[in-house]
Amino acid sequence: RKVALPALDADATLSMLLTYAMLNQPRVEAAYYEYAASVERITLERSLSDPKFTFEMDITNVIETVMPGLMIDIPWPTKLTARADVASAESQARRFAFESAALETAFDVKLPYYRLHFIDERIRVNREMLVLLGALEEIARVRNEAAQVTLQDVLRAQIEQERLKTEIANLDDSRNPLMAKLKTALGMSPEQPNPPVPAQFDSTPLDMSSDQLFAIAMARNPRLKSMEAEVRAAEEGITLARKSRLPDFTIGVEADVRTTPVMWRPKFDVTLPIWRDKIAAEIAAAQARKKSSMLRAESG
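Start counting the sequence shown at 1; every next residue gets the next number (the numbering used here).
Worth flagging that the hints you see were computed from the coordinates, not collected in a lab. The reader is advised that the hints may include incorrect statements.
Claimed, not checked - Result set (BS3-like, lysine-lysine): computed pairs, CA atoms no more than 25 Å apart in a straight line:
no. : residue 1 : residue 2
1   : K290      : K225
2   : K291      : K278
3   : K183      : K110
4   : K291      : K225
5   : K79       : K290
6   : K79       : K243
7   : K183      : K2
8   : K181      : K110
9   : K267      : K79
10  : K278      : K79
11  : K52       : K79
12  : K225      : K110
13  : K2        : K181
Note that the structure is predicted; figures quoted are calculated from it, not measured.
Sequences are here, hints too, so could you generate the full structure?
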């Protein structure tokens with residue numbers, strides 16, 4: 001179900017733009033559903049497999065035995081916990097990836113927003129200067145006619161006016177790519193009309209030093225936390241890979257319903273993890289994933 005988006009009209013604010021982007025940006029929505037799916041996967045990994053219904057019959061000239069049964073696969077007791085730990089760490093990584101997507105979207109909205117306000121302010125100032133230069137040109141013409149100034153003063157005012165007109169045109173043209181970036185950040189299609197730039201300028205107060213900013217960035221950076229969670233997932237993966245040396249079990253029971261009294265037949269199977277090269281390869285792959293995650297975290 002599509003959520004209701006805030007109306008972007010002449011009274012829109014930066015906060016409304018950010019809300020619109022969070023609710024309408026496919027990148028943020030995709031990251032959220034990846035995180036939601038990873039959360040549900042924890043339950044799948046820690047759960048036992050479904051029981052199996054079995055049915056056997058012994059037939060000669062007549063049906064001699066009818067044996068329905070019920071079987072269930074049970075892994076080594078600590079394997080389910082290890083699988084859940086891996087899924088939990090991967091879910092944390094997806095959560096931080098979702099936070100990173102939201103922050104990147106907010107940055108993509110704010111960057112053209114600030115630049116558009118800067119351009120609009122430059123255009124406003126230049127137009128006011130253009131009006132003043134027009135008045136100065138008129139004064140220079142009158143004084144030139146009275147032989148108080150030379151024609152050079154009139155020409156200088158005209159040249160400055162043309163320069164400002166060119167700058168205003170260039171600034172106005174530069175709004176188009178910024179508006180396209182803003183629409184992309186908001187998740188809007190090219191066919192949709194351009195959103196209005198909020199008339200009120202909202203700035204973020206900065207009352208901390210660069211060292212404090214760096215410390216906060218290192219402590220809260222979701223990309224770094226996502227890499228740390230991937231390292232934890234790789235470590236749990238090594239633990240799970242080492243548990244592949246341990247056997248799994250299948251237990252169940254069958255009943256011959258044609259005998260009197262009913263004959264019960266318990267069953268017990270156990271896997272034999274004898275392929276040491278397969279186990280070694282699984283452990284080596286898990287260790288390689290951990291090393292890769294650690295190097296990404298160090299480089300990030």
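Here's how the hints hold up against the structure:
1. K290 - K225: It holds: about 15 Å lies between the C-alpha atoms, which stays within 25 Å.
2. K291 - K278: holds (20 Å)
3. K183 - K110: Distance ~12 Å between K183 and K110 Cα, so the pair holds.
4. K291 - K225: holds (16 Å)
5. K79 - K290: holds (19 Å)
6. K79 - K243: holds (7 Å)
7. K183 - K2: holds (19 Å)
8. K181 - K110: At roughly 10 Å apart (the allowed maximum being 25 Å), K110 and K181 satisfy the hint.
9. K267 - K79: holds (22 Å)
10. K278 - K79: With Cα atoms ~17 Å apart, K278 and K79 stay inside 25 Å; holds.
11. K52 - K79: With Cα atoms ~20 Å apart, K52 and K79 stay inside 25 Å; holds.
12. K225 - K110: holds (24 Å)
13. K2 - K181: holds (23 Å)
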